[in-house]
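There are 2 protein chains.
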Amino acid sequence: MSKEITSMQEDYSQWYNDLVIKAGLADYSAVRGCMVIKPYGYAIWENMQKQLDSMFKETGHQNAYFPLFVPKSLFEAEETNAEGFAKECAIVTHYRLKADPDHKGKLIVDPEAKLEEELVVRPTSEAIIWNTYKGWIQSYRDLPLLINQWANVVRWEMRTRLFLRTTEFLWQEGHTAHATEKEAIDETVQMLNVYADFAETYMALPVIKGVKSANERFAGAVDTYCIEALMQDGKALQAGTSHFLGQNFAKAFDVKFTDKENKLDFVWATSWGVSTRLIGALVMAHSDDQGLVLPPKLAPIQVVIVPIFKGEEQKQLIDEKVIALMQQLKAAGISVKYDDNDNNRPGWKFAEYEMKGIPVRIAIGARDLANNVVEVARRDTKEKMSFSMDGLSERIITLLDEIQLAIFNKAKNFRDDRVTPADTWDEFLKLLDEKPGFISAHWDGTGETEDKIKELAKATIRCIPLNNELENGKCIFTGNASKQRVLFARAY
Amino acid sequence: MSKEITSMQEDYSQWYNDLVIKAGLADYSAVRGCMVIKPYGYAIWENMQKQLDSMFKETGHQNAYFPLFVPKSLFEAEETNAEGFAKECAIVTHYRLKADPDHKGKLIVDPEAKLEEELVVRPTSEAIIWNTYKGWIQSYRDLPLLINQWANVVRWEMRTRLFLRTTEFLWQEGHTAHATEKEAIDETVQMLNVYADFAETYMALPVIKGVKSANERFAGAVDTYCIEALMQDGKALQAGTSHFLGQNFAKAFDVKFTDKENKLDFVWATSWGVSTRLIGALVMAHSDDQGLVLPPKLAPIQVVIVPIFKGEEQKQLIDEKVIALMQQLKAAGISVKYDDNDNNRPGWKFAEYEMKGIPVRIAIGARDLANNVVEVARRDTKEKMSFSMDGLSERIITLLDEIQLAIFNKAKNFRDDRVTPADTWDEFLKLLDEKPGFISAHWDGTGETEDKIKELAKATIRCIPLNNELENGKCIFTGNASKQRVLFARAY
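Which chain is which? The protein sequence lines are A and B, in order. Here the numbering used here is used: position 363 in the first sequence is 363, and no number is missing along the way. Here the numbering used here is used: position 137 in the second sequence is 137, and no number is missing along the way.
Calculated directly from the structure, the hints in this document are not laboratory data. As the structure is a prediction and not an experimental result, all values here were calculated from the model. Careful, some of the hints might be misleading.
The list cannot tell twin chains apart, which means a pair is met if one copy fits it or any two copies do.
[To be verified] Simulated crosslink set (DSS-like; lysine-lysine; CA at most 27 Å straight-line): (1) K98 <-> K251; (2) K87 <-> K104; (3) K50 <-> K330; (4) K104 <-> K256; (5) K106 <-> K134.
Bound conformation, chain A alone (with noise of 0.2 Å):
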């Protein structure tokens, strides 16, 4: 079979790129570190989109758009952001080129429209936006301001690989404006929760919610929340980052409001985003070597019938029973396709759609239609059932629950067994190897000790989990006094 993968086993890395290229997700592009998005991995995208829009709107959230451009003194007005994106910044000086004059219908580009201001390619928005937000906020009353965008962005990164880390990618990002401390952090929390809910609602996604260390924070934020989920070779994946940035960007840009004591005050403020970066996730955390498992809620085509047949009088008495079935998922909004196709034989579409992770498949024959069943396969366990055709449409809708229901706990479950307390330095690197996923460990709190653990272990501070269960104890590291735990691990 042409559409063979590297086995996770074998090469976990090799196999999720294999995974991602045969099942149509993405291509790689001629530029640098960009990619395609495929239709069938755009698809996934927009399912993603649709939802996370609609709890950003039920959060009382605008979409609005700000410019791809960000002029060079207005990205360096805020020292700690500019500072932490500069080293991977696509920078645009010219808007012309010119025909070659040495090379007939090539082009150069054209010296004479070099900019007098260099413009940055946006790595993230809180800059323009900010500056924007200068000229809307003026009173209390122009406050909260809930705004979210739909964009590219663009980070220089020496090491790509598809969906995980890519110098461009598609992502939303929020910004909202608030009158107070309180509010600005409530709203932060809020949307870390909604991303919480997204992850493990509909990608099936386990994840803790946690806060970052210092050194692993957003560069401009005084507080970065994350949310945290391991991939299926214990490695842990950020999924999205809801940062609490105080008043650092207000007054970088001079953002002040009056209260309702007429009092002029910086405004405080948050950002939030999750990036494609998703569609990683989604692949690794529950695809097989047969392809991807996609959980019910975001796979663009839920069920995919096929008939099995010789000749047209089979075929017609097929079509029969599919079109009624059809019409009764498309109904529940169910999204299903009917493959028909006469080119290619059942093995073939049985072995393509599992590649594509549809996660029910129908087959139906003539002898099935004789018994009146069909064979019912799903996806994520492989598991065949016999379904009677009275009220299938019903255990069909049923089923795609379950399916969703059970990626999520398999999931959790290799999640839960993985994340392991360490107490000691050798446990901690033996862990690493040979249990890899979450470990729980002391920590002094000191950035120093956090980058030698990383330099010596390749391991980071993925969170300080929410509510965390403080206990004195000693550093896994330096031996320091320590009052909680952290979650450390390799990660994507």
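Given chain A, put chain B in place with the hints provided.
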């Protein structure tokens, strides 16, 4: 009133700018020629996207995403296209900033991070997409390839205007690949019809379908089809284009396929797009000196309800009625807002919702309650009516349809009245000044004549209407033989 705008009569151009700003559609940004699309403007764009996207999907297209950047060597591959866009391209030349040694806290472009090959920020995506299609198309079985992309593009325009012409804008670009010339032309025409249907049915904007002259053709196209609309100042606006690209891009990127007879041939192509410019068209076509007039099918809020009351008791009685009405309207898919904000008086609200172009305003006062009626105001005609509360939601739903049609008919009558034949050069010039609109005139078919007319009259050929009647005549400018009239206008 703070929200007054320049009148259309006094200064059409200023009226437009005032309106866009005061209605909260968009704002200027710190980036030359780029705008911020504010939530209310973006909500209109979302409604446009939603409708267009479903029309694209109904005609078999899928969405995908291609890189923002085009390496210069790919950009220049299709020479006509490259030449057409070279003069207005933003160019990325570096990928890093570094601390400015001379100014603490400032950044400079790191000269050591110069790209080996410059990247063009896409002004359109044919080059990057056809370079990708090369890897996707081998046989006729891979065709047709029907892909659309929602994206931002950048064209370094010298004179910009909010929505109508901005350096960065949002659009969709369809890029399809076909096995035969006929199929590609059929696709080009199909998508033109989709655009015309969208413009007329949803934007309430009558359009003329036609083909561009060679001078006005998309760089790299064999034929450019377009829809042309008329604004209230008599200037034309190109609202969408659909290009038959022949085999130009397939040849430039060497994209061949084996047909059913196993022969190798270049692939046939189309591309087609509409942009946020449509929001400008929507504003200019229907609005008035009180503000926006939005067709109900694209209005973010279709109905606004304003209570008029004294004291809590009256308010509660009104609330009861309103809640029931809102439930009925929402159940019918109507977007409705109840503005019972205590800070603003009804008169202020009326003016505000007129500015925002909300199609139907309902006012309910205590006396209305007693009489079992409400006051209903149409935004388009400013007519006020008294409707019984019995069957009110059905009446409102019907009214929205009536308004949609009335806005279209008004624009169509205006447009039809402004398609005027001219048979002499003097008449032509006189019409342009005294009854601006589409002028139907003979033209000798040469680019030179077109250029001279443009220079002398500031008018361009907007299109040669589809199914144009043939008629022998003499060119308005040169007197040379002509076989048909074409439509001239001054245009945005």
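**OP:** Can you give me the call for K104 and K256, within, between, both or neither, at a CA distance of at most 27 Å?
**Re:** between (56 Å within a copy, 25 Å between copies)
**OP:** Have a look at K50 and K330 and pick one of within, between, both or neither, based on CA distance no larger than 27 Å.
**Re:** For K50 and K330, both the intra-copy (18 Å) and inter-copy (20 Å) Cα distances are at most 27 Å.
**OP:** If the cutoff is 27 Å on CA atoms, where do K98 and K251 land: within, between, both or neither? Let me know, please.
**Re:** between (42 Å within a copy, 23 Å between copies)
**OP:** Evaluate K87 and K104 at a C-alpha cut-off of 27 Å and name the case that applies: within, between, both or neither.
**Re:** Between copies, since 17 Å is at most 27 Å while 36 Å is not.
**OP:** Could you place K106 and K134 in one of the four classes (within, between, both, neither) given a Cα distance threshold of 27 Å?
**Re:** between (44 Å within a copy, 21 Å between copies)
The structure is consistent with each of the numbered hints, conforming to all of them.
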